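Turn these sequences into a full structure, and let the hints steer you where they fit.
Here is what each chain is made of, one letter per residue.
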Amino acid sequence: MTRINLKNKMLLGGVMLLAAAGMAGCGSSGGKEGGQVIVYNWGEYIDPETIEMFEEETGIEVVYDEFETNEIMYPKVESGAASYDVVCPSDYMISKMIAGDMLAEINFENIPNAKKNIGAQYFEQAKGFDPENKYSVPYCWGTVGILYNKTMVEEPITSWAQLWDEKYADNILMQDSVRDAFMVAEKLNGFSMNTTDPQELETAKNALIEQKPLVQAYVIDQVRDKMIGGEAAIGVIYSGEAIYTQRENPDLEYVIPEEGTNVWIDSWVILKDAPNKENAEKFIDFMCRGDVAVKNFEYITYSTPNDAARELIEDEAIRNSEIAFPDLSQYNNLETFVYLGEDGDALYNELWKEVKSN
Amino acid sequence: MRNALKKFYIALIFLFLYAPIATLMVLSFNASKTRAKWGGFTFKWYAQLARNDDILRALGNTLLIALFSSVIATVIGTIACIAMNHMKKRTRTIMMGVTNIPMLNADIVTGISLMLLFISFGFRFGFGTILLSHITFNIPYVILSVMPRMKQLKPSIYEAALDLGASPVTAFFKVVFPDLMPGILSGFLMAFTMSLDDFIITHFTKGAGVDTLSTKIYTEVRKGIKPEMYALSTIIFAAVLVLLLLVNAAPEKKDKNRHPV
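Protein sequence lines correspond, in order, to chains C and F. Count the first sequence with this note's numbering and you get residues 232 to 589, in order. Count the second sequence with this note's numbering and you get residues 181 to 441, in order.
Hints were generated in silico from the structure; no laboratory data involved. None of these values were measured; they are calculated from a predicted model.
Simulated DEER-style distance windows between Cβ atoms: (1) C:D558 with F:L421: 52 to 60 Å; (2) C:K503 with F:I281: 33 to 41 Å; (3) F:L424 with C:N551: 52 to 60 Å; (4) F:G220 with C:K443: 34 to 42 Å.
Cβ coordinates follow ideal geometry from the N, Cα and C atoms, glycine included.
Shown next as C-alpha cells:
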C-alpha cells in the first residue's frame with residue numbers, strides 16, 4: 232500500500248508542476264518596443280480599428296479588457312488583480328475613485344488634444360464629479376430622457392409628470408436601477424438628483440410607489456427592443472440608444488423633460504499605480520484626436536464631447552441632431568451623478584427595496 | 181384520455197426547455213439587429229462571426245480551459261478517491277465533507293477568495309489563473325462521481341491480482357481502473373460542462389485581455405448582445421445535438437474487458 236501512496240504523491244506533484252508551467256507560459260508579454268498600455272473599458276465601447284491604428288502609429292501594444300457595469304469594474308481595479316493603466320468609468324464612480332485615492336492626476340501638457348478638441352462645456356459639466364478637472368478626460372456623454380411612440384400618445388410628451396398619467400397605465404417603461412429611477416422622481420419634485428435629504432427621498436419614494444401600478448415593466452436594455460416593437464408607449468431611456476431606436480422605428484421621438492435630467496459622462500482616467508503612465512497619456516491623447524474620436528462616435532453612436540470630431544461627421548442630420556448634441560445651455564436643472572458615500576448608497580438601496588417590494 | 185394528458189405534459193416540458201433556444205436560433209437568421217423586427221432571412225451574422233477574431237479567440241480560450249481543467253481535475257480527483265478509499269471511515273467522511281464545501285459554496289465567494297489568494301501570492305492574472313481556478317472548482321465534481329463507483333469495488337479482486345503476481349501499478353490499471361471508468365468519464369464530462377458554463381469565478385480570476393465566451397458575452401450587455409453571439413450559440417447547440425445523435429445511434433459495444441462486480 233505504501234508504494235501506491237508514494238505514486239499518488241508523485242503524480243499529484245507532477246500535475247501541480249504542469250499547472251504551474253501552464254501559468255508561467257502565459258506570463259510572457261508581447262515584446263513590442265513601445266511597451267504596453269492596459270486599457271479597461273466598457274464592452275463594445277470603442278472601434279477596434281482605432282486600437283490597431285494606435286498600435287501601428289506608436290508601436291505600443293494595447294492589452295484591452297472590457298467590463299459591463301461600474302460596480303463590476305470597481306472591485307477588480309481596487310484589488311489590483313490585473314494592473315490596469317487606463318479605465319473609463321462613469322461620473323459617480325470617478326468621484327468614488329477620487330475619494331478612494333485610486334486615480335493619478337493627469338498631466339494635460341502630455342495630452343494636448345484633450346483641451347484643444349473637447350468642448351469646454353463638457354469639462355464644466357465634469358466638475359460635478361471631478362471638481363478641478365484634474366483626473367478625467369470626457370470620452371462619451373449623453374442625457375436620460377423619455378422615448379415615446381407618436382402613434383400611441385395623445386399629446387407630445389414634455390415632462391416627467393406624464394409618466395404618472397393614468398392614461399398610459401401599463402404602457403410605461405421605467406429604468407430598473409436605483410439612481411436612474413430615483414432621478415425621475417426627484418426631478419419631478421424639483422429636488423437635486425444627488426440629494427440625501429431623508430424627507431426629499433421619502434417624497435421621491437412615495438412618488439415611485441404611486442407610479443408603480445402604471446408601470447408595465449422595470450427594465451434596463453430591453454427598453455430598446457420593447458419600444459421598437461411598439462410594446463409600450465413611453466419609456467425612460469439613455470439618449471445614446473435614441474438614435475438607433477428611431478432608425479429602426481420612425482414613430483419614436485426622444486425628448487429631454489422640462490424639469491431637467493441627468494447628464495452622464497464616461498471619462499478616461501489613469502490609475503494611481505498604473506505601470507505604464509506615459510503610454511496611458513499617449514493612449515488618451517490619441518483617443519482625443521478628431522479623426523479617431525469620429526470613428527468611435529460612428530461605432531458607438533453615443534454622443535462625443537469632441538468638437539473636432541463632431542465637425543467631421545458627414546451626415547448633417549446627425550451632426551446637428553438635437554438628440555445627439557443638445558445645447559446644454561438651453562436646459563435648466565441638468566445634473567451629473569456624484570458618489571453619495573456609503574451611507575447615501577445604503578439609504579437609496581433601502582428605499583428602492585421598499586419601492587420594489589411594495 | 182390519460183395518454184393524451186401525458187403527451188400534453190411532455191410537450192409542455194419540451195416547450196419550456198426548448199422555446200428559448202429556438203427563439204435564439206431564429207434570431208440568428210434575422211437580418212435586423214433588434215428582436216422586435218424581422219428584417220428578412222440572412223446568413224450575414226454567421227459570415228461576420230467567422231471574421232470576428234475577438235469572439236473566436238474567446239471560443240478558443242473557453243474550449244482550451246474546459247479541456248485542460250477537466251482533464252487535470254479528473255486525474256487529481258481520481259487519485260484523491262483512491263486515497264480516500266483507503267482511509268479510516270471517520271477521516272474519509274471528514275475528507276468528503278471538505279471536498280463538498282466548494283461545491284455548495286456560492287460561486288462569487290469562491291471567485292473572490294481565489295482572486296485574493298492569487299494576489300497575495302503575486303500571480304500574474306491571465307490564462308493560467310483561470311485554468312488553476314477551474315481545476316479547483318472541478319475537482320469536487322469528479323470526486324462526487326468517482327467515489328460511489330469506488331465504494332462498489334471489492335478490494336478482494338485487487339488483492340487477488342497482487343497474489344497472482346501483478347505489481348500494484350499493473351493491478352490498478354488492469355483491474356481497478358476499468359471498473360472506475362464510467363465514473364471517471366461522467367466526472368470528466370461534468371467538469372467539462374461546469375468549466376464551459378462558469379462566468380463569476382472566471383470574471384474574478386481573469387487578467388486583462390483574456391476572455392472566455394461567458395465573460396465576452398457579458399461585456400456586451402450594456403450595448404446589446406450582438407447577433408454574432410446568437411449565431412455562435414446556434415452552432416454550438418447544433419454541434420452538441422449532432423454529437424448526441426451519433427452517440428445514441430452507435431450500437432452498444434459489449435465491453436469484454438469488464439469484470440463482473
